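Student: Chain residues, written in single-letter form:
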Amino acid sequence: MSDELIHRYLDDRSALSEGELDELIAHLRAEPARAAALREQLLLDDLLAQKLAVDRQNFPAQVDQRIADFQRGQEELDAQVTELRQLAEAEIDRPRTWSGTSPWVKYVLALSAAVLIGGVFFASQWLPAQPYTVLKVSKVEGNVTFQQGGQSSAAAVHAALLSGQQVNVPAGGSIDLVYQDATTVWLGGDAAVTFDTDRATGAKRVRIDRGELIASVAPQAAGPMVFTTPHAVATVRGTKLRLAVTETETLLDVTKGLVDFQRLGDQNLQQVAASQSGIATSEAFFPVQALAWPASREGVVYLLSSLEAADDLPYTAVRIPDTNNYLLTELLPRGAAQLRPGTLQWELSGGHLYSDEAGQDVLPQLTGRDELTLEVIFQPAASVATSPARIVALADDGESANLALSQEGSDLVFSLRTEDETIKPLRFSLLVANEPLESVRPKHIAVTHRAGELVAYRSGAEVARSRLAGGTLAEWRGGPLTIGADSRGQRVWRGRVLAIVLSSRCLSVAEIARSEASFRLLSAERK
Amino acid sequence: MDERPPALDFDSIVRETQAHIRAYIAGMGVPRHDVDDIAQDVYVELYRFFDRIPPEVPPKQWLKGIARNLSLNYFRRTSRRQRLQREALVEIFLRAEQETAPAVSEGPVRRALDGCYEKLAPDSRRLLSLRYEQELPSQTIAERLKSTAEAVRVALFRVRASLKQCISKSLASERG
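Listed in order, the protein sequences are those of chains A and B. Residue numbering for the first sequence follows our numbering, beginning at 1 and increasing consecutively. Residue numbering for the second sequence follows our numbering, beginning at 1 and increasing consecutively.
Hints are supplied without guarantee of correctness; some may be wrong.
Only pairs whose alpha carbons sit at most 25 Å apart, straight line, appear in this in silico SDA-like list of lysine to any residue [stated by the list, open to error]:
{"#": "1", "chain 1": "A", "residue 1": "K256", "chain 2": "B", "residue 2": "E150"}
{"#": "2", "chain 1": "B", "residue 1": "K60", "chain 2": "A", "residue 2": "A37"}
{"#": "3", "chain 1": "B", "residue 1": "K64", "chain 2": "B", "residue 2": "F75"}
{"#": "4", "chain 1": "A", "residue 1": "K136", "chain 2": "A", "residue 2": "G223"}
{"#": "5", "chain 1": "A", "residue 1": "K51", "chain 2": "B", "residue 2": "S168"}
{"#": "6", "chain 1": "B", "residue 1": "K146", "chain 2": "A", "residue 2": "L328"}
{"#": "7", "chain 1": "B", "residue 1": "K164", "chain 2": "B", "residue 2": "D34"}
{"#": "8", "chain 1": "B", "residue 1": "K60", "chain 2": "A", "residue 2": "A68"}
{"#": "9", "chain 1": "A", "residue 1": "K256", "chain 2": "B", "residue 2": "L127"}
{"#": "10", "chain 1": "B", "residue 1": "K164", "chain 2": "A", "residue 2": "D12"}
{"#": "11", "chain 1": "B", "residue 1": "K60", "chain 2": "B", "residue 2": "Y47"}
{"#": "12", "chain 1": "A", "residue 1": "K256", "chain 2": "A", "residue 2": "T194"}
{"#": "13", "chain 1": "B", "residue 1": "K146", "chain 2": "A", "residue 2": "P287"}
{"#": "14", "chain 1": "B", "residue 1": "K146", "chain 2": "A", "residue 2": "R8"}
{"#": "15", "chain 1": "A", "residue 1": "K139", "chain 2": "A", "residue 2": "L328"}
{"#": "16", "chain 1": "A", "residue 1": "K443", "chain 2": "A", "residue 2": "A171"}
{"#": "17", "chain 1": "B", "residue 1": "K169", "chain 2": "B", "residue 2": "S124"}
{"#": "18", "chain 1": "A", "residue 1": "K51", "chain 2": "B", "residue 2": "L171"}
{"#": "19", "chain 1": "B", "residue 1": "K60", "chain 2": "A", "residue 2": "F70"}
{"#": "20", "chain 1": "A", "residue 1": "K136", "chain 2": "A", "residue 2": "A156"}
{"#": "21", "chain 1": "A", "residue 1": "K51", "chain 2": "B", "residue 2": "R52"}
{"#": "22", "chain 1": "A", "residue 1": "K51", "chain 2": "B", "residue 2": "A121"}
{"#": "23", "chain 1": "B", "residue 1": "K164", "chain 2": "A", "residue 2": "Q57"}
{"#": "24", "chain 1": "B", "residue 1": "K64", "chain 2": "A", "residue 2": "L10"}
{"#": "25", "chain 1": "B", "residue 1": "K146", "chain 2": "A", "residue 2": "P321"}
{"#": "26", "chain 1": "A", "residue 1": "K51", "chain 2": "B", "residue 2": "Q85"}
{"#": "27", "chain 1": "A", "residue 1": "K51", "chain 2": "B", "residue 2": "L120"}
{"#": "28", "chain 1": "B", "residue 1": "K146", "chain 2": "A", "residue 2": "A310"}
Here are a few chain B residues that face chain A, going by a calculated C-beta distance under 10 Å [claimed, not checked]:
{"#": "29", "residue": "Q18"}
{"#": "30", "residue": "I25"}
{"#": "31", "residue": "Y43"}
{"#": "32", "residue": "P55"}
{"#": "33", "residue": "E56"}
{"#": "34", "residue": "P58"}
{"#": "35", "residue": "Q85"}
{"#": "36", "residue": "F93"}
{"#": "37", "residue": "A96"}
{"#": "38", "residue": "Y132"}
{"#": "39", "residue": "S138"}
{"#": "40", "residue": "F157"}
Keep in mind the hints are simulated off the structure, nothing from the lab. As the structure is a prediction and not an experimental result, all values here were calculated from the model. Even for Gly, the Cβ is constructed at its ideal location relative to N, Cα and C.
Given only the sequences and the hints, what does the whole structure look like? Please build it.
Tutor: Here's what the structure looks like:
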């Protein structure tokens, strides 16, 4: 038992309950040799962290930064005191001309000077400060504005964001900001976030009223960086994290380091480590979970992911219905299709990918159902044909398919075979307004089908809906899964494929938004 | 007059002592993610009071005294019962330090660690990478290795123990 306590204490100093800690203390007092061994384990534990943890490898530079902060604070204080002392001395000299040399006058003036010096010192701590630059803008997309005191200004590259200003990002927009210490912050669409610093310590403070934020936080010499949302507080020293704030919840994903996550009004603290995710609402904390993509495999029948390798290839698997396990499945490159060097992403270059096996395994899991979701993450080539080109399809003979996602110029078209022959393909734009096709980034596209309705999502947001679809998927036929062409190798699509998920259920709006954001976060981490 | 420490002296003290001081703070039970914050405070104190360190006291010894005080201050921020428990552990660990051979707390320990780390088996290095480089909790490591969290903790304990043996030998041969 005592060994287990020691191991758990070494694992996490706060892991033991008070009773267990009492037991450990009694044990160590009784056996000093075990105490010595435990202490040596603690030393080794830290030496290994110093050697291997990225955010602990530049300690002398962090000390330099702390010393510089200390010097700057001292210099400012010295200057204020000198100035006030000169002012006070001038005042003390002046009475000779009007009141003689009364000792009590000097005494009162000296006292006043002392009060003045103290007052300025405390005023610098407590009175409203002049706004000062907190961050600078490095990239803007959309009509992003800075707002303070009812005044609003447009954000522009290189512009300074002042303390207390709120950044408002419209739907479809985004902004990249950078602090002086190289900490970076990205805000996604429909976000309202205010940036400030603690006046006493200089530590960074961020308030997220709504929206998504991704931050890469450099080691913080001035104290932890604190993110506050309507539901929780996330405290960070140096890490990479994502916060998504909606009206009802705050979601925290951590890809590097460790974050203290505390629900507002709750004494309990969750520690969310790298590759973990936590959720806080006004009412509850949800257990910390592993951060993975897709977040849930419930209903997933086919998965291709460039985030994970299997035999040096992108992870490609189908679900085996009998066991509910996943089995790696073949995906054969044809023509010029090959992996992009140094990545797990398929670059089609006029070739395509083909799998009879996946087609056979997927068919019985979707036939007869009345709902499904297709998620595809891809980057089209800069120049595309205007005739329909298949991005992904199932049993596609060139005329019709069980399902097919095609690109026609800057439009995407999704078609689905159901028992209702009147179903119309759903057409929607691949691009955000004014986005040039030649510089398009990898896109997350999802289409859901349920109860006669098709809904299309681009980058996690709904872009099109069709209420004309109807019927179940009863008329499905056998045929291969193809990526980048139909089953005859025709209707060739050029571009890069990062991931595909085919699910036998209709994902919710929140699940699709989460999936889009998680993939973006995890793929950025792997660059 | 305000005498600031010569930059070279201050920097060289930081360089030569930082690995020990950080490990020393960890050796009092301070959680890993707070060790460097306390260590930075230790060196700010060194900077402030550099000219007041008695000449007969080695800087590292003085720094350890400051580190002990700042670590106790750190634990005083917790609840009363926890504070008493953490202070009891600090006392136990400080006594253990006095009653045992210096082992990994003296000498060029980081260089010795680098050499010993290179000699580890690939499986051990992978385990250390998952824990310290990727900073994964034992449960997540266990899931990846198809093991249990306790087995991971035991394996880490053994790897650290073997590293300690290797470092002690390496430092002893350098002293000898």
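Student: Hints first: check each against the structure and report whether it holds.
Tutor: Cross-check of the supplied hints:
Taking the CA atoms of A:K256 and B:E150, the gap is near 23 Å; set against the 25 Å cutoff, the hint holds. At roughly 23 Å between alpha-carbon atoms, B:K60 and A:A37 fall within 25 Å of each other, so this suggested pair holds. Restraint check for B:K64 and B:F75: satisfied, since their Cα atoms lie roughly 16 Å apart, inside the 25 Å limit. Under the criterion of a C-alpha separation no larger than 25 Å, the hint pairing A:K136 with A:G223 is consistent with the structure, at around 21 Å.
At most 25 Å may separate the alpha-carbon atoms for a hinted pair to count; A:K51 and B:S168 meet this at roughly 18 Å. Between the alpha carbons of B:K146 and A:L328 the distance comes to roughly 18 Å, so the proposed pair stays at or under 25 Å and holds. For the hint linking B:K164 to B:D34, the alpha-carbon distance of about 23 Å falls within 25 Å, and the restraint holds. Proximity of B:K60 to A:A68 is assessed by CA-CA distance (about 22 Å); at most 25 Å being required, the pair is judged to hold.
Distance check on the hinted pair: A:K256 and B:L127 sit about 17 Å apart at the alpha-carbon level, within 25 Å; holds. This hinted pair checks out: B:K164 and A:D12 have alpha carbons roughly 20 Å apart, not beyond 25 Å. Our distance criterion of 25 Å between C-alpha atoms is met by B:K60 and B:Y47, whose separation comes to about 13 Å. At most 25 Å may separate the alpha-carbon atoms for a hinted pair to count; A:K256 and A:T194 meet this at roughly 24 Å.
Using a Cα cut-off of 25 Å, the hinted pair B:K146 and A:P287 holds, with the two alpha carbons roughly 21 Å apart. Distance check on the hinted pair: B:K146 and A:R8 sit about 19 Å apart at the alpha-carbon level, within 25 Å; holds. This hinted pair does not check out: A:K139 and A:L328 have alpha carbons roughly 40 Å apart, beyond 25 Å. Proposed proximity of A:K443 and A:A171 is supported: the alpha carbons are some 16 Å apart, at most 25 Å.
The straight-line distance between the Cα atoms of B:K169 and B:S124 is roughly 19 Å, inside the 25 Å bound, and the hint therefore holds. In summary, the hint linking A:K51 to B:L171 is supported, as the alpha carbons are separated by about 18 Å, within the 25 Å threshold. A distance of roughly 22 Å separates the Cα atoms of B:K60 and A:F70; the hinted pair therefore holds under the 25 Å criterion. For the hint pairing A:K136 with A:A156, the CA-to-CA distance comes to about 9 Å; that is within 25 Å, so the pair holds.
Of the pairs offered as hints, the one joining A:K51 and B:R52 is violated, with about 32 Å between alpha carbons and a cut-off of 25 Å exceeded. A hinted pair counts as satisfied when its Cα atoms are at most 25 Å apart, and A:K51 with B:A121 qualifies at roughly 17 Å. Taken as a hint, the B:K164 and A:Q57 pair is honoured in the structure, with Cα atoms around 21 Å apart against an allowance of 25 Å. This hinted pair checks out: B:K64 and A:L10 have alpha carbons roughly 22 Å apart, not beyond 25 Å.
In summary, the hint linking B:K146 to A:P321 is supported, as the alpha carbons are separated by about 23 Å, within the 25 Å threshold. Straight-line distance between C-alpha atoms of A:K51 and B:Q85 comes to about 30 Å, which puts the hinted pair past the 25 Å bound. Under the criterion of a C-alpha separation no larger than 25 Å, the hint pairing A:K51 with B:L120 is consistent with the structure, at around 15 Å. Distance check on the hinted pair: B:K146 and A:A310 sit about 17 Å apart at the alpha-carbon level, within 25 Å; holds.
At its closest, the beta carbon of B:Q18 sits 5 Å from a beta carbon of chain A; the interface hint therefore holds under the 10 Å criterion. The interface hint given for B:I25 holds, since its Cβ lies 8 Å from the closest Cβ of chain A, which is under the 10 Å cut-off. Hint status for B:Y43: holds, given a least beta-carbon distance of 5 Å to chain A, under 10 Å. Evaluation of the B:P55 hint against chain A yields a violated restraint, the C-beta minimum of about 23 Å exceeding 10 Å.
Hint on B:E56 is violated. Least Cβ distance to chain A is approximately 25 Å, over the 10 Å limit. For B:P58, the interface hint is violated, since its Cβ never comes within 10 Å of a Cβ in chain A; the closest pair sits about 19 Å apart. For B:Q85, the shortest C-beta to C-beta distance to chain A is roughly 5 Å, which falls under 10 Å, so the interface hint holds. Hint status for B:F93: holds, given a least beta-carbon distance of 5 Å to chain A, under 10 Å.
Contact between B:A96 and chain A, as hinted, is supported at the beta carbon level, the nearest pair being about 4 Å apart and thus within 10 Å. Because the smallest distance between the Cβ of B:Y132 and any Cβ of chain A comes to about 4 Å, under 10 Å, the interface hint for this residue holds. Hint status for B:S138 relative to chain A: holds, with the closest Cβ pair at about 5 Å, below 10 Å. Of the supplied interface hints, the one on B:F157 holds, with its beta-carbon coming within about 6 Å of a beta-carbon of chain A, less than 10 Å.
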